[in-house]
Structures are given as structure tokens and as C-alpha cells.
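Undergrad: From the two separate chains plus the hints, produce the assembled complex.
As a plain string of letters, each chain reads:
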Amino acid sequence: MDALDKLGISWQLLLSQIVNFGLLMIILQQLLYKPVLNMLEQRRQRIAEGLEQADKASHAAAEAEAEKQAILEEARREAQEVRAQATRDAERIAQDVRSRADQEAQEIRMKAQADAEAQTAAVMADARKQIADLTIAATEQILGRELANRDEQERFVADYLAQQNGSGS
Amino acid sequence: MFKKLLQAFVLNARIRNAAIGVIALLVLSVVPFFNAPPPHVELAAEALLEHGPKWFTNGLLTTILVDLIIILLAVFAVSRMKEIPGAWQNIVEMLVEGMWNLTQSIAGHGSANSRKFFPWVITIFIFVLVSNYIGLLPGFGSIGIYHSGAESHAQAALDNQLAMAGAETVAVAAAAEEGKPVLVPLFRSPSADLNMTLALALISVFMTQFFGVQALGIRYFTKFFKNPFNDGMGAVVGFFELIAEISKIISFSFRLFGNIFAGEVVLLVMAFLVTFLLPSIFYGLELFIGFIQALVFMLLTLAFFTMATVSHDDHH
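Respectively, the protein sequence lines represent chains U and L. The letter at position 54 of the first sequence is residue 53 when you use numbering that gives the first Met the number 0, and the numbering goes up by one with no holes. The letter at position 185 of the second sequence is residue 184 when you use numbering that gives the first Met the number 0, and the numbering goes up by one with no holes.
None of these hints come from the bench; they were simulated from the model. Computed from a prediction, not measured in an experiment: that's the story for all the values here. Where is the CB? At the ideal position from N, CA and C, for every residue including glycine. Check the hints yourself; a few may be wrong.
If you want a taste of the chain L side facing chain U, the calculated C-beta under 7 Å gives, among others [what the hints assert, rightly or not]: (1) A43; (2) E92; (3) M93.
Isolated chain L, as found in the complex (with noise of 0.2 Å):
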């Protein structure tokens, strides 16, 4: 085995060369001048201008460009429609076509419903994807604006928690603390930022009681409140499901912003501990992370909204 893998590294000048590339990145990785700086994480989206608006953040910029990428992306797949699809179109197509496939297999086919609920699945599901996807971008956390790091005690506090994943931990958490500047990415993900995936989970909720609302009329709320003393688990049960409802919330904001947010904070660190080629390796991960909480997202929404409009006093 050994002997053919050395037979191989010698023999063959592509693996050869590909070897001496992953011997070299590895040895670079180590060399100072090459380590990328020490992470610094950020829970909030922060403001882009140091004496601006605050609610001018990065997160916000990004939403924009987002939406501006979706609609570009949107207008060239539907600018020249044609019946026999061009690739863009196909791959477009494909993709409203699985997704009204998928919203029909679980809100009924031809249903009303699934018309209804359509626009706001699949919206979902594009908006969070590309908001995953984004992240990835190089330049994600690396371009950004230099502010007097004036920052918050918590801030620094937190930055130097994260510094200690490192060598120089001393030298960067003192540097940090003592009000160097901090750099401010010009970007970040939308889905990073809790103001976005609180909101998505917010609309979420409030269209699933309205659905059940617009399906059920006023008896889709004897779901959480029933008289106690006609029924008194009844009502202990609602209770619950109250509770529940609520927490959809919490659940769905911080499901998909944990997931994002932790990711990017896995390839920052190891790009900080390694900085060639390991980092690819969580890329990948990260990609499959991006799609499968978009898709979780959808498909709970979906889920949700289908369930609110069934009738539960039927089942009895």
C-alpha cells in the first residue's frame, strides 16, 4: 500500500504537484505573515457608520443586496420567457416548480390552500437561501470599516472569550480592550442577523392564525382557550399549545440564526487556526447547512399553516 503510494507520488506529475500544493498551503497556513487576524464576532448586525443612523447596519445592507440579487436573478429567468426553457430558466423553473409540487404535497393538491400558500413558502424558502448563501461570499466578515472601537464592555469581553481560541491571545484580547479599532464588516448575513430571522418567524406565526382564522372563523381560538369547567385537561391542553404557538417563535428565529451564525463563526476560527484548506472542508458543511435550514424553515411554515386550517373539534 505504502509502496504504491510512493510509486504513485512519483510517477504520476499530477499527483506529485498536488501533494507539494497541500504541503505548501499547510506550511503557509503556520507562517505569520499568512494567519489570518484573530475572529471577531459580533451577535448584533452593527451600525455600517460610526456616527451615522443605527439602524443602518450591515445586516440591513445585506438584506438590500439580497433582495436586489433575488429580483436580478428573478428578472433574467423571466424577462425572455420561452417554452422551450433556456439553462436559467430551466433551473428557475425547476425550482418554483418543486416547491408548488412540495407546497401541494403537503397542503393538499390543487387545493386553495396551496395557492394561498404559496407565495409566502416559497418566498421563504429563496429569501433564507440566498441569505445563507451570501454569507459565504469571500469578502463576508473581511471588508469593513474601521470604527474607533469605542465598542461596549460586553463586546470586548466577548472578543477576548473568542481570542482565546488562539496563540496570541494575550496581546489581541489587551489590544482589543484597550479601544484599537475595530473593523466593522461592510457585510454580513441577513440570516446572521436576528432582526431578520425574528421577523420571518414573526410572519410566520401571525399568518398561521390568520390562516386558521381566514379557514375555522373565531372556533379556530378553541384551540387554546376552552372552558375549564366544561373541560378541564381541555383547557390545561390549550394552555400548552399557547405556550407552543409562542415559542414557534423563538424557536424559529434562533434555529435558523444559531445555525448561520454559528457557521460563520466555525469558518472564521478555522481560518484562524488553519488558514489553508480546512476552512474548504466547513465550506462544504456549511453549504449543506444553508439549504437544509431554508429548507427546514419552508417546510415548518408549510407544515404549520396546513395544520392551522384543519378543524381539531372534528376528530372527536
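Isolated chain U (complex conformation) (with noise of 0.2 Å):
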């Protein structure tokens, strides 16, 4: 006993460290250890909730973003559809309009000529008859007298004129 005491051992001592380090560690164990790994539990579900959480935003944000390419895509199909249709119906809607154009062209162009035909038969009639008329005139005044049937001259004439009609055209 001693060799401890020259150490500075003694039972009151050594007990007094003994309950010292098991009051120490009940201490820090209600007042350290349990709130701080709490505390880093915690904060650990917390980072791991957020970073679910980011990887559900930015899936989400990754779908939002291929369904607007989607509906981008819907669109200008769409468009290009609306285009088409619309290129194709003015198309032929010109189509119509240059072949009514056309049709009314012909018609107004095959009256006129209708009209004038008409016009000049008329007036080759006219024509005709004044000729006729100046050449019994002139036919009587050279013979001096009239002719006796005159009904007789007239056809006469009218029939040598459409002779010459007839082999002159």
C-alpha cells in the first residue's frame, strides 16, 4: 500500500473518478449525444426529403418541358396543315375564278361576234337593197322608161346579186 500511496492512489480518490466519469457520461449522454444525433438525423431526412423533393421538381420540370415541345410540335404541325389547306383552297378557288373569267371571256367574245355578224348581214342587206334600188333607177333612167314589171326587175336583180355574192366569197 505503499508503493500506491507514494503514487497518489487512494480508494476515495479512485471512486471519487469513477463516479465522476459515470455522472459525465450521464450528463453529456441526456445533454449532447442524444440531441446532437437527433438533431443529425433530423437533418439528414431533411437533406434527403429536399433532394427527393428536387428530383420530383425537376422531373416534373422535364416533363412540363417535353410536354410544350409536344404541344409546340402539335402546333406547328397544325400550322403547317392550316397552310396547306388554305394554299390548296386558294389555289382553287383561283382556279375557278381564272376558268369562269375564261368562260365569260368566251361567251362575251362569241356575242360580240354573234352581234357582229348579225350587224353586218344586216347591213350587207341593207347594202343589197340599196344596190338593187339604185340599179333599177339607174337602169330605168338609162332605158327611159319604166319597167313595166317591176315586181319582174326586182327579183331579177336579187337574184344576179346573190349570184355574185354566192361566187364572190
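TA: Right, dumping it as C-alpha cells:
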């Protein structure tokens, strides 16, 4: 025991140190380890949650982006279709208008031609009549007398002119 | 090289001032006025009050101080615990988490053993670390109470031996022997008090047996006691195991005590030989040793705890 005494070991002090350590451990367990480990666990969960949410959010964003792209694509396709349709319609209408215009023009031309022909015929008939009259008058004057059979004369001249006309044209 | 140094010395005011400071301190170290007193080395923690109770030692006082410091620091870290930690909370969390991971890495991840061992080993680490470091504070060993000097003869002889290191050996030794008042330091690192290291060693070894029995039941003791008629070799090995178990108490307690006590003596002696600068180097060394010893005590305890819970019969 003398050796222990020289080393300063006494059972009272030894016991006090053991008790001290036990108390310190219990106090720190309640005061430090438990709250800190709880806090660490809590924070770990929070971070895991946050990461998960961020993951979800980025997923959602990617989905939204894809959807947007799809909608844009659809819209573009539709616009393309509408434009093509419009172009086709416009062409068809233009075609219509052109053909109708052509037709009308044709009609107008034909009518004009018919008119002109009728006029010409009328003028020609008139001219023939006048020529016949003038011819008769001239002949009367030259012969100095009136042809006895006036109707016969007129028929004769008309036949002649018709003959001329038929061979001349 | 030399020319370059000389140039730097002349041109760079900072280097010049530092060099002058170093030289001045070294010169001051040999001026008698600045000489540290010859180291007073006492193996045992001393009673603070000359006529007071013997148990009220400087080691005990400092143990209480260490407890208060640890608890205050813990309270400070935990009292306003936040999800987003402040600087101090961060450091404490780092310590606790680091020890928790270390415990798990040895005792098994998420195992019940980890949770059981954790408070013991982390408390050992924190308590030993703070005990080791507190002895390095200024005032430890230098602030104290003068006793009339009715020390035992053995103490005077020890003082005598250690004072040999100094130049004024004879005078000092004579003074000590004649019963000159002796300074009893007010504080003493608990790690340099065998009561503390022995207490921790006893706790460690006792808890090793406790956890062993808890895990394996009475079977735990077959590690030490085997029927010599069935298994002669096993009985011998078991006997050695028993001795090893008991010697753990001594190795635990004297490893820590020896390291820290010797460290303090080294610091004293260095301060005595060259008052300035030289002790700083040893302070760095002591900081390192203080940390390593705390870690060693903790890791060994943890390893013994873990080993005790593993059945040895299963290996055959």
C-alpha cells in the first residue's frame, strides 16, 4: 500500500473519479449525444427529403418541357396543315375564278362575234337592197322608161346579186 | 545562399524584426531574472490545503474544472440547437458524428452494440482529451499555494534528482531538503493523476467484462477458464488471457498517465533550461500527444468492448 500511496492512489479518490466519470457520461448522454445525434438524423432526413423533392421537381420540369415540346410540335403541324389547306383552297378558288373568267370572256367574245355577224348581215342586206334600188333606178333612167314589170325586175336583180355574192365570197 | 539570407535580413523588415526578437528572447533566457525555477515534480496529486483533507487534491479540483468546461461547452453547443448550425454547434456535431461513425465502423453499422458502446467511448475521448489539454494551459504548475515544506523524504530526493538537470543544483537541492516552503500547484491535469487514469482503466476493463457477459452470458468466462483435463492447452491459454485482461488495467492507466505526466515534466525541464522559444516546440508535441492518447484510450476500449461480445467458441 505504500507504493500506491506514493503514486497518490487512494480508494476515495479512485471512487470519486469513477463516480465522476459515470455522472459525466450520464449528463453528456442526455445533454449532448442524444440531441446531437437526433439533430443529425433529423437533418439527414431533411436533406434526403429535400433531394427527393428536388429530384421530383426536376422530373416534373422535364415532363413539362416534354409536354411543351409536344404541344409546340402539334401546333406547328396543325399550322402547317392549315397553311397547306389554305394554299390548296386558294389555288382552287383561283382556278375557279380563272375558269369562270375564261368562260365569261368566251361568252362575251362569242356574243360580240354574233352581234358583229348580225350587223354585217343587216348592213349587207340593206346595202343589197339599196344597190338593187339604185340599179333599177339607174336602169330606168338609162332605158328611159319604167320597167313594166317592176316586181320581175327586182327579183331579177336580187338573183343576180345573190349569184354575185355566192361566187364572190 | 548566405548572401541571399543576409540580403533578406537587411531588406525585409519583418524578417529582421523576427530575427531580432528570437535573438533577444534567447539572450533573455540566460539572464538569471527570467530563469524559470527548477522544476518541482510530484508524482502524486497533492492535497491543496496543508491542514485540510487529504482527498482534496489539485487533481480532483481540476477534474471538477474539466467537468464544468465540458458541460458548459456542451450546453453552449446544444442550448440553441438549430437545423442550420452555428460555428460551435458545427464543431461539436462534427466531433459527435465523427465518434459515432468511428464507433459504428468498429462495433458494426447500426448495431445495438454501437449504441451501447457509444456513450462510454465518446465520454472517454472527450474527458481524456480535455484533461490532457487543460494541463497545457498557462498557470498549470505555476500557480499554487506554498506549503511549509514538511514533505516526505522521498519527495525531497525526487526533487533533488530532477534538479540535477539545472545548473544551481546543489543550492536548490539543499534548500528543498531543509524544508523550504514548497509550491503546491493549484491545478494538475487529471491525466497526470493516477487516480483518474486508473479509474478510467477500471471502468474500461470492468465494462468489457460486463458487455461480454451481457452478450454471451456465462459462456463469456470460458475464454479464461477451461477444464484442464479436457483441453490442457486451452486452460493455459485461458490463464494467459486472464493475466492479459488484468494487465490491461495497468497498461491503460500507466500509458495515459506516463505520456501526459512525462509531457508536463518535459515542458518544465525545457522551460528551466531555455526559458523562451524551446518550450513552444514541445507544446506542439504535447498537443499532438494529448490528442493521440485520448484517441488511443478510446479506440482500445472500443476494440476490447467489441472483442468481448464476440464468441470465441464459434471459430472452431
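Undergrad: So, for every hint listed, does it hold in this structure?
TA: Checked hints:
1. Proximity of L/A43 to chain U holds as hinted, the smallest CB-CB distance being about 2 Å (cut-off 7 Å).
2. With 7 Å as the threshold, the beta carbon of L/E92 comes within range of chain U, its nearest partner Cβ sitting at about 6 Å, so the hint holds.
3. Given hint, L/M93 at the interface with chain U, is violated; its Cβ is 10 Å from that chain's nearest Cβ, farther than 7 Å.
The structure is inconsistent with hint 3 alone, although it conforms to all the rest.
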